[in-house]
Amino acid sequence: MRPYLTIIRDSFHAALASRVLWIAFIAIWLVVAALAPIGYREDLTSDFRGARDLENRSRMRALLVQGMSDPDLAQTAVGRLAAAMPDNIVEDLERVSAGDASELRTSDYADALNKCLDDESWYDREAWSSTLRLAELRELDEIADDELDASQRRRRARLRIEAAMPGVFATRAVKSVSLTYAGFEFPAELAVDKTRFVSIINQFVVPLIIDWLLGFILIFLGILVTASMIPDMLQPGSLHLLLSKPISRSMLLVSKFVGGCAFVFLCVVQLVVGLYLVAGLRLDIWNARLLLCIPVSVFLFSVFYSVSVLAGMRWRSPILAIGVTTMFGGLCFIVGIIGGVFDGFVTGPARIQSIAVAGDTTFATTRGSGLLRFDEDSNQWVDVFESNAFSMDRTIQPVVINDDTVVTARTRAGRMNPFGSGAADLLVLSEDNGWEPEPSLRLPPATTRLYPASGTLLTLSVTDLNETATSSVLDAAGQPTEEEPEEGDSQASQSGEGGLFARLSSMLGVAPSGFKSVLPRGAVISAPRSVVVSDSGKEVFIMSGGRLLRLSKAADDQTWVQEAEYELEGDPSLKGVIAVDGAVLLLSRSKQPILVIDSRTLEPISQVPLAENLLTTSVQGIGEGRFLLLSSDGRCRLVRPENQEATSYVIEGTVGPGDVEAITFSAEENLIRIAHHTDSIDLLSAADFSSQGYLRPSLGVWRRVDKYLISPLRFVIPQTGELGQSIGSIVSGETALVLSTPTGEEQVERYNIFRPVVSCSLFIGFMLLINCLYFGTRDY
Amino acid sequence: MNLSEPSDEPIVHVDNVAKCYGKWSLRGSRRVHALKGISLQAAAGEVFGLLGPNGAGKTTLIKVLLGVISPTSGNAALFGQAAGSKFARSRIGYLPETLRVDRHHTARSALKFYGRLSNMSGQQIQKRSDELLELVGLRDRDREPLKRFSKGMNQRLGLAQALVHDPDLLVLDEPTDGLDPVGRSEVRRVIERLSAEGKTIFLNSHILQEVEVVCTRVAILSQGEIRGSGTIADLAGKQDADVIMLDLQFDDDLAADHFLREASADHPALDLAFDAKGSPRGTHRLIGKVESQSSVDQIVDLLRAKGISIKSLDIKRPSLEDSFMKLVGAVASQSVEGGTGS
Chain S
29 MRPYLTIIRD
39 SFHAALASRV
49 LWIAFIAIWL
59 VVAALAPIGY
69 REDLTSDFRG
79 ARDLENRSRM
89 RALLVQGMSD
99 PDLAQTAVGR
109 LAAAMPDNIV
119 EDLERVSAGD
129 ASELRTSDYA
139 DALNKCLDDE
149 SWYDREAWSS
159 TLRLAELREL
169 DEIADDELDA
179 SQRRRRARLR
189 IEAAMPGVFA
199 TRAVKSVSLT
209 YAGFEFPAEL
219 AVDKTRFVSI
229 INQFVVPLII
239 DWLLGFILIF
249 LGILVTASMI
259 PDMLQPGSLH
269 LLLSKPISRS
279 MLLVSKFVGG
289 CAFVFLCVVQ
299 LVVGLYLVAG
309 LRLDIWNARL
319 LLCIPVSVFL
329 FSVFYSVSVL
339 AGMRWRSPIL
349 AIGVTTMFGG
359 LCFIVGIIGG
369 VFDGFVTGPA
379 RIQSIAVAGD
389 TTFATTRGSG
399 LLRFDEDSNQ
409 WVDVFESNAF
419 SMDRTIQPVV
429 INDDTVVTAR
439 TRAGRMNPFG
449 SGAADLLVLS
459 EDNGWEPEPS
469 LRLPPATTRL
479 YPASGTLLTL
489 SVTDLNETAT
499 SSVLDAAGQP
509 TEEEPEEGDS
519 QASQSGEGGL
529 FARLSSMLGV
539 APSGFKSVLP
549 RGAVISAPRS
559 VVVSDSGKEV
569 FIMSGGRLLR
579 LSKAADDQTW
589 VQEAEYELEG
599 DPSLKGVIAV
609 DGAVLLLSRS
619 KQPILVIDSR
629 TLEPISQVPL
639 AENLLTTSVQ
649 GIGEGRFLLL
659 SSDGRCRLVR
669 PENQEATSYV
679 IEGTVGPGDV
689 EAITFSAEEN
699 LIRIAHHTDS
709 IDLLSAADFS
719 SQGYLRPSLG
729 VWRRVDKYLI
739 SPLRFVIPQT
749 GELGQSIGSI
759 VSGETALVLS
769 TPTGEEQVER
779 YNIFRPVVSC
789 SLFIGFMLLI
799 NCLYFGTRDY
Chain V
4 MNLSEPSDEP
14 IVHVDNVAKC
24 YGKWSLRGSR
34 RVHALKGISL
44 QAAAGEVFGL
54 LGPNGAGKTT
64 LIKVLLGVIS
74 PTSGNAALFG
84 QAAGSKFARS
94 RIGYLPETLR
104 VDRHHTARSA
114 LKFYGRLSNM
124 SGQQIQKRSD
134 ELLELVGLRD
144 RDREPLKRFS
154 KGMNQRLGLA
164 QALVHDPDLL
174 VLDEPTDGLD
184 PVGRSEVRRV
194 IERLSAEGKT
204 IFLNSHILQE
214 VEVVCTRVAI
224 LSQGEIRGSG
234 TIADLAGKQD
244 ADVIMLDLQF
254 DDDLAADHFL
264 REASADHPAL
274 DLAFDAKGSP
284 RGTHRLIGKV
294 ESQSSVDQIV
304 DLLRAKGISI
314 KSLDIKRPSL
324 EDSFMKLVGA
334 VASQSVEGGT
344 GS
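Chains S and V supply the protein sequences, listed in that same order.
Note that the first sequence ends on residue 808 in this note's numbering; no numbers are left out.
Note that the second sequence ends on residue 345 in this note's numbering; no numbers are left out.
Possibly wrong hints are sitting among the right ones.
[Stated by the list, open to error] Below, in silico cross-link-like pairs of lysine to aspartate or glutamate (DMTMM-like), each with a Cα-Cα straight-line distance of 20 angstroms or less:
{"#": "1", "chain 1": "V", "residue 1": "Lys89", "chain 2": "S", "residue 2": "Asp807"}
{"#": "2", "chain 1": "V", "residue 1": "Lys39", "chain 2": "S", "residue 2": "Asp807"}
{"#": "3", "chain 1": "S", "residue 1": "Lys143", "chain 2": "S", "residue 2": "Asp173"}
{"#": "4", "chain 1": "S", "residue 1": "Lys203", "chain 2": "S", "residue 2": "Glu213"}
{"#": "5", "chain 1": "V", "residue 1": "Lys154", "chain 2": "V", "residue 2": "Glu189"}
{"#": "6", "chain 1": "S", "residue 1": "Lys273", "chain 2": "V", "residue 2": "Glu100"}
{"#": "7", "chain 1": "V", "residue 1": "Lys292", "chain 2": "V", "residue 2": "Asp325"}
{"#": "8", "chain 1": "V", "residue 1": "Lys150", "chain 2": "S", "residue 2": "Asp71"}
{"#": "9", "chain 1": "S", "residue 1": "Lys273", "chain 2": "V", "residue 2": "Asp171"}
{"#": "10", "chain 1": "V", "residue 1": "Lys319", "chain 2": "V", "residue 2": "Asp300"}
{"#": "11", "chain 1": "V", "residue 1": "Lys292", "chain 2": "V", "residue 2": "Glu228"}
{"#": "12", "chain 1": "V", "residue 1": "Lys130", "chain 2": "V", "residue 2": "Glu200"}
{"#": "13", "chain 1": "S", "residue 1": "Lys273", "chain 2": "V", "residue 2": "Asp105"}
{"#": "14", "chain 1": "V", "residue 1": "Lys314", "chain 2": "V", "residue 2": "Asp304"}
{"#": "15", "chain 1": "V", "residue 1": "Lys154", "chain 2": "S", "residue 2": "Asp411"}
{"#": "16", "chain 1": "S", "residue 1": "Lys203", "chain 2": "S", "residue 2": "Asp71"}
{"#": "17", "chain 1": "S", "residue 1": "Lys203", "chain 2": "S", "residue 2": "Glu167"}
{"#": "18", "chain 1": "S", "residue 1": "Lys273", "chain 2": "V", "residue 2": "Asp169"}
{"#": "19", "chain 1": "V", "residue 1": "Lys26", "chain 2": "S", "residue 2": "Asp136"}
{"#": "20", "chain 1": "S", "residue 1": "Lys603", "chain 2": "S", "residue 2": "Glu164"}
{"#": "21", "chain 1": "V", "residue 1": "Lys130", "chain 2": "V", "residue 2": "Asp171"}
It is worth saying that the hints were derived from the structure and are not from the lab.
Required output: the full structure, derived from the provided sequences and hints.
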């Protein structure tokens, strides 16, 4: 190996002797020096930041109007807060109460609330004693004023305002991060805590820098500089001398190839180590994974360099080598764009998001807001609602009322109005009616999920959980019912809210009929939220803003009673998913161990560690106290009791296929349905996970084009652009990117790590083989 | 043309080697026969010269020996192994006609680089570098970047790198190209020294005088074929006899003509004639071919018998250049007359 190592080492010396390299070094040092003054400051979250914090503005206005107008509420928390509002807010609230539209922006309300943070004359201990206070507020209230610093007092004031107006504000982390540059603070705070800040830096900022600086500029520069290496080597005075040495031609070329990467390697090392030090020294982010960008970037360069080498050998001209490599880069880009278009318009919208099975008929919602029904005769998914690319509409996950009937809803939404413009009706699909949607009851505003529960249908909205009788739903859709709807169920009501609030709700276009809240009086659901109904349908478990609640149907079977509550440890803004199976509740929150909880007392039984790079995207109880966990890597994992007493739980290896989109479990059939690879479904026995069948729908024309033309093309032509995802995954250590939709729901975009890596590796290998064969067999 | 050569195992053995290049263009393909069945041998310790005009196939033959290209047919072997084998290449030192070494090197680092390519250890390279830099006169400039080197200095470095791994066979392509007379003389001395050490040297040069001085044997290539080979003396002897030139004083031109008629009739083998152009004033230059000293004596006796005064006498042996020009010129004229090409 000595001769070949010598050639590689010589390439490093040649690179170091290059003026272009030193110019690149200076440019890199300037970039790093420009980034070096960036710093951050972490402080308690206190200021309200417009629309991001004031999640439910309508409710806020309604509550303030109520507090302002109702003399009975004058000495309550919301009444005192309303009284502290400045004149412009008061005038706006009066306009709203008179039925006119609000003329002030959300930021004006945020400013008014922020003024209240510095002057707490509105606070009254007695008034706030009846509010629902978080543990943090209770602790702060116990501390004397003079023992709190200004930041803690502002934080306490914010928590008091949040307690006075529950359901209005987005749950924020206790601490927020502000960026500074050379000691000067940026005008706007980041509404994230340190953990999220680190995640943003690792998942967005660093990959962006790497993509542009390393993935584009440095690679192009590298090709410019190294394009002459092979033509230079092929000069007779150089080549014949090299070939006269006792070395292998192929290894000579491979060594030259590796040596050609020296230029990029030296530049990348400078930049990545610089970024690593800036991130570590200035932002306290000592992320050693960042250093893995060095080999990845060199790997990316080698894709293009392999083309440059072949062109250089064929034509012995650096200019032609650069030209051919640039054209190849253009080809990769075009194929990437075409692939992206197919992802966005063909495959993406068709990806299954949820499954529901009514009798023998399978329904699925898609990412393109479509609702599909599987037609066994044609072996195809049939559109009930068509899937559309980049649709802002939302199809609510269908629920099964009985073997012949499913219920869903579709809201039309826009960027400015994510919860739907106008009202949405429940839609009933029955086999008798050919599965055609029939409108039924009008849904409460901003409904995001439906849950069937013991003769009733629960609807989850931004702040509330409402119910209506199933019979009412069917009746309103003109469907025959076995029992008559009870009178009380068909009446519009908002338990705990009435009078002026009802009028305001009406003015704001909020007029649910036939629904009533199941929450205790005054209680609201706040983000992050997750709801699950027990198999019996008589218990509802709610995760709301860092708390767990259990509601049970009262003996009269009419009302729901809160029977247990548990305040979760850690950051209340952490999002999570819950599932119940018999006496066990499973909660999985991001970056936290999985909690196995006693479903009766809501006390934790066991903790199950989950790999740090995984995020649970959904979880499903599958009987016998077992759960199937769908994680961000697109794989299902089994969580089961470790012993007979079920005092501890373990997580096992993966179950079923990969690239999973959604899972559902049918207790009656004891079957797990796993949607995977866009729109295929596998049926597994819940007992032993053996295959019980599958749905492999026939593909439409565009899906065929994608499968048989575009996908192979994306594999053959290396998708260097997709390596950015690999970098994002490597730097963040995550398997997926979690994006929040405008409705507050999380959309998990799995990093496509392997395709670009495998495709690029195969391409490099293939090109090296071609290069070696060409170099080895050609007469020079 | 086959040569029967020394009994020792030949270091270079080329047997009926042909090389044919295919050239493709939009107008179609054509084949170029660069070598047409070349056979030659070089024994250990020989300095073998390869001569020929441009396009004769000399570089192609060297490339075959180095293993850079494979022959279309025939065999080429070095040290008893196929040319191009790792073993053969490990024992070759090659100096290309125009050496190109990366500009970031110094003379010393270049020797280190090429030494490493020949699997030498650092210590071996260090020792050899000192010796060779001294030998080629670059000892004082061994740390200078090559970009400051003149062509002659580059050529000296080339010679040093060819010798760095102490090869048994040196293939030198125009080794004195770009060197001043002193440098040429030094290179010649180095070649002689290496030859004395038993190294085999394969020398490709345009400078016939140089080849004549240092080579023990020579092959002349033209249009892909060997036109002549052997020792310098053999090569010259095979082509022509020595030429005798006499400046004679006659009474008049009539007497001179009378003498030439008589002498030619009596001694036709001498091929006597007057060369009107070369004779000094008042004399006649007589030229003739002499196979041996007896032929010279015969002419002198004849002249003295006739009482003709001999003003000067010179015997000229044909040079390598004469042989070269004759061999190559004959082929060129045949080509022109025959209208053939390669």
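Hints violated by the structure (listed by number, smallest first): 8, 11, 15 and 19
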